[in-house]
Amino acid sequence: MSDESSIKRIAIVGLGPKGLYGLERVLANLAEAELKFLVEIHLFNKTDSFGTGDIYNTCQPTYLMMNYVNGHINMWSENAPKPVVPHPKSFTEWVAEHQEQFPNSNAYTFSSRATVGKYLSEGFQGLVDNCPENVDIIKHVGEVIAIVREGDEYNLHFINSIPAIPTKVEGIHDILICTGHPCVNDPDSTSEERYVDFIYPTDKRLASIASGSTVAIKGMGLTFIDAVLALTQGRQGQFSEDENGNLTYLRSGYEPKMIYPFSKSGLMMIPRGNTYGKPSYEPIYFCKNSFQYLETMSGKYDFERQLLPLIEQEFKAVYYSKLFAERGKKLLLSRDFSEVDFQIDQFHEAYPELKKFDFHQFLSGPLPSHDLHMNMLEYLQECIREAEIGEEISPYAAVASVWRHLSEDFNELYKFGGLKPQSQKVFLEKYAGHFNRISYGPPIENLKKIDAIAKAGLIDFSFSQNPTITKTSHYTLTANETSAEAEFLIEARIPKVQLHRYAGELYGKMLEEKLIHPYVNRLEGRLDFKPGCVSINEKGHPIDETGLANQSITFSGTPTEGLTYDNDTLSRKRNDFVSEWAKNLTK
Numbered sequence: 001m002s003d004e005s006s007i008k009r010i011a012i013v014g015l016g017p018k019g020l021y022g023l024e025r026v027l028a029n030l031a032e033a034e035l036k037f038l039v040e041i042h043l044f045n046k047t048d049s050f051g052t053g054d055i056y057n058t059c060q061p062t063y064l065m066m067n068y069v070n071g072h073i074n075m076w077s078e079n080a081p082k083p084v085v086p087h088p089k090s091f092t093e094w095v096a097e098h099q100e101q102f103p104n105s106n107a108y109t110f111s112s113r114a115t116v117g118k119y120l121s122e123g124f125q126g127l128v129d130n131c132p133e134n135v136d137i138i139k140h141v142g143e144v145i146a147i148v149r150e151g152d153e154y155n156l157h158f159i160n161s162i163p164a165i166p167t168k169v170e171g172i173h174d175i176l177i178c179t180g181h182p183c184v185n186d187p188d189s190t191s192e193e194r195y196v197d198f199i200y201p202t203d204k205r206l207a208s209i210a211s212g213s214t215v216a217i218k219g220m221g222l223t224f225i226d227a228v229l230a231l232t233q234g235r236q237g238q239f240s241e242d243e244n245g246n247l248t249y250l251r252s253g254y255e256p257k258m259i260y261p262f263s264k265s266g267l268m269m270i271p272r273g274n275t276y277g278k279p280s281y282e283p284i285y286f287c288k289n290s291f292q293y294l295e296t297m298s299g300k301y302d303f304e305r306q307l308l309p310l311i312e313q314e315f316k317a318v319y320y321s322k323l324f325a326e327r328g329k330k331l332l333l334s335r336d337f338s339e340v341d342f343q344i345d346q347f348h349e350a351y352p353e354l355k356k357f358d359f360h361q362f363l364s365g366p367l368p369s370h371d372l373h374m375n376m377l378e379y380l381q382e383c384i385r386e387a388e389i390g391e392e393i394s395p396y397a398a399v400a401s402v403w404r405h406l407s408e409d410f411n412e413l414y415k416f417g418g419l420k421p422q423s424q425k426v427f428l429e430k431y432a433g434h435f436n437r438i439s440y441g442p443p444i445e446n447l448k449k450i451d452a453i454a455k456a457g458l459i460d461f462s463f464s465q466n467p468t469i470t471k472t473s474h475y476t477l478t479a480n481e482t483s484a485e486a487e488f489l490i491e492a493r494i495p496k497v498q499l500h501r502y503a504g505e506l507y508g509k510m511l512e513e514k515l516i517h518p519y520v521n522r523l524e525g526r527l528d529f530k531p532g533c534v535s536i537n538e539k540g541h542p543i544d545e546t547g548l549a550n551q552s553i554t555f556s557g558t559p560t561e562g563l564t565y566d567n568d569t570l571s572r573k574r575n576d577f578v579s580e581w582a583k584n585l586t587k
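Counting in our numbering, the sequence shown runs from 1 upward without gaps.
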């Protein structure tokens with residue numbers, strides 16, 4: 001029997017994709033380590049869907065789609081050491097092997113999240129089946145509610161899902177925390193009977209919403225689309241398609257009477273078609289060559305004054321390159337943008353009927369109209385038309401894709417306090433949502449479904465733009481001096497970590513234990529800004545108020561948002577904290 005004190009115990013809290021990536025890397029490193037020692041890896045997940053989390057649960061309906069084309073999905077690292085599974089497959093390769101189940105799937109199509117979940121789940125099982133002999137993987141189904149330090153070790157307290165009893169795992173040496181979205185947007189409303197704070201799994205969380213009821217949905221992004229489809233197509237509604245690809249929604253009678261969407265911007269996301277295999281766009285203005293000429297204040301940039309003008313130039317360059325091509329002309333992209341502007345002015349003199357591109361209006365959407373419902377339907381249909389033309393030809397679709405090509409370089413400038421405190425606040429509150437809305441939208445098919453459901457009279461966009469909400473026995477939405485009553489309110493915004501507002505149980509206990517501290521973006525002589533995230537260093541370790549790092553704990557994924565940018569992705573490369581974490585465990 002081995003000496004208990006000689007066993008290294010590792011915990012991974014949260015076994016969605018980010019936790020799965022951590023497990024994959026630690027097993028790969030342990031398999032190639034020269035010194036073999038006994039290891040226990042304790043995996044904590046709220047459900048038994050290890051590797052998928054709620055978002056990619058394999059039991060969810062197939063109409064809940066990815067907004068990430070198949071060819072970009074690969075759960076296996078391309079870096080050394082190699083994975084422990086003998087034949088790691090990209091998602092496209094995996095789908096090809098299951099062609100009888102997914103006959104129309106290839107690298108250029110979109111899959112359901114349940115299908116991706118099956119891929120992730122099978123990958124997780126492959127890791128379990130091929131883990132090194134000196135490694136024992138122990139699964140815990142339940143929610144971790146506290147992490148308590150005892151000397152150099154940690155005890156993890158959690159509530160088992162079945163039976164729902166508190167228990168703990170003792171003697172943990174290293175912890176990777178990948179909790180996804182650990183809190184809710186509005187904790188004061190969670191106890192309300194007619195309020196739905198999170199829609200997944202949709203069959204359970206939306207079951208209480210009665211047929212024929214009125215429903216308000218806060219948020220108009222990807223989660224909103226899922227909620228609407230669950231309340232319509234998920235209730236036996238059907239779509240018919242004509243020879244031109246136009247959809248008509250056929251009611252089942254089990255839908256809500258009316259759905260009232262609303263958000264701060266009041267706008268839907270711009271859809272996207274296939275992005276795999278397209279020529280890589282190399283930025284010309286928002287690029288490292290331009291950044292070297294920007295002066296910083298203690299290493300921090302001003303977003304609106306220094307970075308936004310370069311982003312605007314990039315958007316204009318892409319838009320007009322396509323528009324010039326439509327007229328058989330070529331825009332010469334000089335490093336001196338005044339020469340580009342001169343060509344654009346001459347172009348509009350030759351074609352005065354063409355509307356000038358307005359960067360800020362493109363971000364913020366069409367100007368407000370008194371008839372918000374018709375305004376939104378027209379906007380939806382325009383977005384669908386341009387997305388179907390494709391970003392290779394359509395100036396509109398091409399410019400909608402630009403931020404995806406800029407975001408990686410932006411993240412390098414942004415992360416770990418790269419913006420001045422109030423400039424970070426401005427970016428997050430004024431711009432981040434718009435960039436997300438225009439560039440990371442749903443597949444075209446999903447927005448066509450929303451358009452069809454709205455035309456069938458089940459969605460009313462009249463209150464979509466930041467209405468006033470009054471709560472009594474129901475929810476009253478008021479905008480443009482008109483009102484509507486909703487019996488239910490669905491929260492369709494993805495919650496962010498907000499330690500200073502509502503930390504949630506686990507993070508609240510970690511704050512009490514002084515294992516974590518809220519990050520504060522500081523600059524001498526300027527107002528501080530608290531984005532709400534945990535203060536971590538560049539390796540993902542939490543740091544205290546003196547800057548001292550706790551190397552026994554590492555965060556990855558959503559909990560790092562605010563000190564990093566754009567973690568809601570299956571990418572293994574973006575903000576990769578787990579590779580170095582796993583490597584260091586074997587030293």
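Derived by calculation from the structure, the hints in this document are not laboratory data.
One should not assume that every hint holds.
[Claimed, not checked] Derived lysine-lysine pairs resembling DSS-like cross-links, with alpha carbons at most 27 angstroms apart:
(1) Lys587 - Lys82
(2) Lys204 - Lys8
(3) Lys355 - Lys329
We went through each hint and held it up to the structure:
1. Lys587 - Lys82: holds (17 angstroms)
2. Lys204 - Lys8: Violated. Lysine 204 to lysine 8 sits at ~39 angstroms, over the 27 angstroms cutoff.
3. Lys355 - Lys329: holds (17 angstroms)
Consistency note: the structure conflicts with earlier hint 2 alone.
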